[in-house]
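Let the hints inform the model, and build the full structure from the sequences given.
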Amino acid sequence: MDATDIQILIVGSAGDGTIAAGNILRQALAEAGYKVISFDVYPPEIRGFGKCIARMRATIEQAYSLKQQSDVMLSLDDSHAIPHVAEVRDWGAVLYESKPVANAPQGHITGHIRPGQIPYGCAIREISEKATGANRSRNIVALGYLAGLYRLPREAFHAIIDRQFKKRGAEVASVNRKAFDEGYAAGAGAFKLDDVAFGPPKPNVVPGTVVEMINGNAAVVKGCLDAGIDCFFGYPITPATTIMERLATEMPRHGKRLVQTEDEISAISATIGAGFAGTRSATATSGPGLSLMQEMLGLGTMAEVPSVVFVSQRGGPSTGMPTKTEQSDLNSALFGGHGDAPRIVMAPTNVEGCYRCAGKAFEMAEAYQTPVIVLLDLYLSNRYETVAFGQKSPFEPDVNKRPRKQDLGAGYKRFALVEGGVSPRAVPGDAGGMHIVTGLEHNELGRPADSAEMHLAMCDKRLDKLKGALVHPDFTVAKRFGAMGKAAVGLLAWGSTFGECLEAMFQAEKEGIDCSAMKVVMLSPFPEEAVSAFMDDCAAVLVPELNHDGQFARLVQGTLGRKVVKLTRVPGVPMRVSDILGEIRRLAGRNLPQAAE
Amino acid sequence: MSERHHVIVGMGITGNEAAITLRRREPQSRITIVTLASLLFYNRYDLPQVFRGKHDWREFLVHPPAFYDDNRITVRRNSRVANVDPLNKVMTLEHKEDIPYDTLLVATGGRGWIPEELAEFRPLMQGFGSFEQAITVARALPEGGGRVVMLGGDMIGLDLARTLIDTGHRVTLVAGEQTFWPHQVSAERRPAFVAALETMGVEVVEQDSVGGVAQIAQGAKGLPARKVVFRDGSELMADVVMPFYGIQPAIDFMGRTGVDVERGLLVNPELRTTDAAIWAAGDVCQIWSQEENRYRFYYGWRNVRAMGEVAAGNMTGGNDAFVADQDEKLEIDAEGRLVSPFWEYA
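Note that the protein sequences, when read in sequence, are chains Z and U.
Letter by letter, the first sequence follows residues 1 to 597 of the working numbering.
Letter by letter, the second sequence follows residues 1 to 346 of the working numbering.
Among the hints, a few may not be true.
Restraint ranges, calculated between C-beta atoms of paired labels, are given here [said to hold, decoys possible]:
# : chain 1 : residue 1 : chain 2 : residue 2 : range
1 : U       : Thr-136   : Z       : Ala-86    : 25 to 33 Å
2 : Z       : Arg-586   : U       : Ala-140   : 51 to 59 Å
3 : U       : Gly-201   : Z       : Pro-203   : 45 to 53 Å
4 : Z       : Glu-155   : U       : Ala-140   : 53 to 61 Å
5 : Z       : Ala-134   : U       : Thr-136   : 33 to 41 Å
Since the hints were derived computationally from the structure, they do not count as laboratory data.
Predicted, not measured: the structure shown is a model, and the values here were computed from it.
In this text, a Cβ means the ideal position worked out from N, Cα and C, and glycines have one as well.
Okay, structure coming up:
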């Protein structure tokens, strides 16, 4: 391979340390200077049952999605790894335990390795026992073998192992180093036959930035902190839990408050309450939690209170598939709840976007005095990417529209019908800013009022003010990629699936298909103009998304009254680039064989 | 009958030819090849090409990977057979996996034999039985021309010597009993053949004249990597020391099967061992020769390939006897150079 573009797959059982090994590896690759995109799959069970997978792709330039085929697979558990052997490309490598205690029900993995793949057996358990007196370090030995085989810098791994295990004592770190080194020696001593080779990495050269290996939820946390979050109210729910966990560590250091509430309703209620009090507040949940929060979100809309809700989607409905990804809460985010309750809904498409959307969500909640939902999904929440962050926060710390002194006092109109719909907002404690806030329809003072005229005026106000979000400073609501001008096929996508769309677009371009792609970050209010202009240029518009019904496709069709082609999948894992490419070819009138990825 | 499981141990010419024949004769049966190698079947006769810059093992493959998929031949690489239980027709691999078979063909070939007195120096010597070993030797030789000391010498070693000399390396042969193995060379003709080797550019040291090898040691810093010390105190410096003393059948795993073994597995002319479900073919077996009234080995690619075909035919209901098809005569050409039919490969 000319340039480094290597995808590594580690497969094991819960308890094997699969994700831990993947975590060390991706950090080492990132610190060595490679761009990394990574995604873990794990079971809902804690230990001893399900399959764990860590997948990572290391490149010179940042990739947009994982590849369909991996270059290297490391098996920590044959029974789980065997179904994934076919993911490894020809001339790629399969690393496995050569002296298992017992074999998988399907037999040993050597019986499943395809003729074009290169097998590397390593006595992982034996080495672990020799190095550390126990087999607990199997994952570290195997990681060392992989690092040795590909001559990855040993020191980078040492540093990460030390960091990772320091909490458990110097002895634990030292034992794991030893396990790694023994594995490394075995790997370095193996005769390398596959064609996977790491070329020299490209160091970060953007001045004033620091590159971090970070996942979507961590990026959300960083965005929250950089935007000056004051309060967070949450509870554990996969796949959003780590947002709260990280904030729980970070917020007290910044003098901020986090409360673990008893349930979803309490979390959203407290978030809206804190927003009413003038703080930047947020909660995080997943689809089931969003359902429970809908009534209070309606209150947030009616009372015009800033609040931010991060929703990391997973397979549904009901408990559904908690550890599988999906994009099926779009309807719920846009239209959930009762009454005409417009809100801002945005969906980042990559990890950096998680950071930007998180920070901007606070700005917009404040600027347009409304709940803002940031729609993530498990794939994005758990996906690691290398991101270059500036050293200064790009977010405005205060965009509140404050009342003038002369507007305060007895006649203060909290809900004044003003141009643009954003009324100056006083918060508790502001002298002369006392006002009524209720879930009832109200007049400009906030007092209950249900005349047809007032209801219409307030409905207009609550809707109109959101339009500002479409031109909010320093925020991309939609962006086009690929061929500008006329295109045979346009890909219109949202959320995490956009990465796969970009990869498919690049491959289609290589095949000579005029292809273009647009990511839509702002879902409500909908960027009609930008999307319309894009569709004008495309002979056919394909909307790939991870839900059953084509929720975004329906949104586009319903909003613009224009036809799109749906491509929906609900496999619980990211969409396959080849599926998108196949549709592109079909729409472009091509009948080409699938390109190797 | 048509869904039987044929297991072949070994993926050289013999095993590969047998697999192809089995598939042709029984389209429905299961075929599994078990091999210690990491690579698919490649042309070992071409290995000297690594010294001519051919370093990509894929160029040595006889069939592309898809061939095995297309022919539904399962190849289990990196797999060592630990035991065969003929009573239950089950083979156990070293990683504790049992593989049941209906018929078993042992085609493991031979591995380089090293005399007992040199065994302790094994880590300091380089073999030449696989692609990996060939590349290791190539990497150990300096680009401008290195020096190889060959101990023993056999037709595999001498074939390699030709290429090494052609590519600018110096070859010193410590000649002994096995120098022309597997050719049978009489004492009278030996000097002429040794002279032919010298004509080809091989420097020959007769073991008899130096009393044999006393020690192989690592070279001192700044000197070539290896030192061969003879019993008379003389020394040879080399970048690589390679033993070539012929091959011995790789049949350790057959020890508890009860089938008849001499030096190799004993088979009748139809290549069946004394167990009705186990066949053997290639360098691993000794075949009963009615003419010579003894069990004997047959070497050379023509013979071992034919054995693979015959064995597979008989495993699937045939009853053909193996007929040797390999010229075994060592000769000297018009330019005074050695010519061995064992160097031919098509």
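Taking the hints in turn, this is what the structure says about them:
1. Thr-136(U) / Ala-86(Z): 25 to 33 Å: holds (32 Å)
2. Arg-586(Z) / Ala-140(U): 51 to 59 Å: holds (55 Å)
3. Gly-201(U) / Pro-203(Z): 45 to 53 Å: 51 Å Cβ-Cβ, so the 45 to 53 Å window holds.
4. Glu-155(Z) / Ala-140(U): 53 to 61 Å: The hint (53 to 61 Å, Cβ to Cβ) is violated, given that Glu-155(Z) and Ala-140(U) are roughly 28 Å apart.
5. Ala-134(Z) / Thr-136(U): 33 to 41 Å: holds (34 Å)
The structure fails hint 4 only (numbered hints given earlier).
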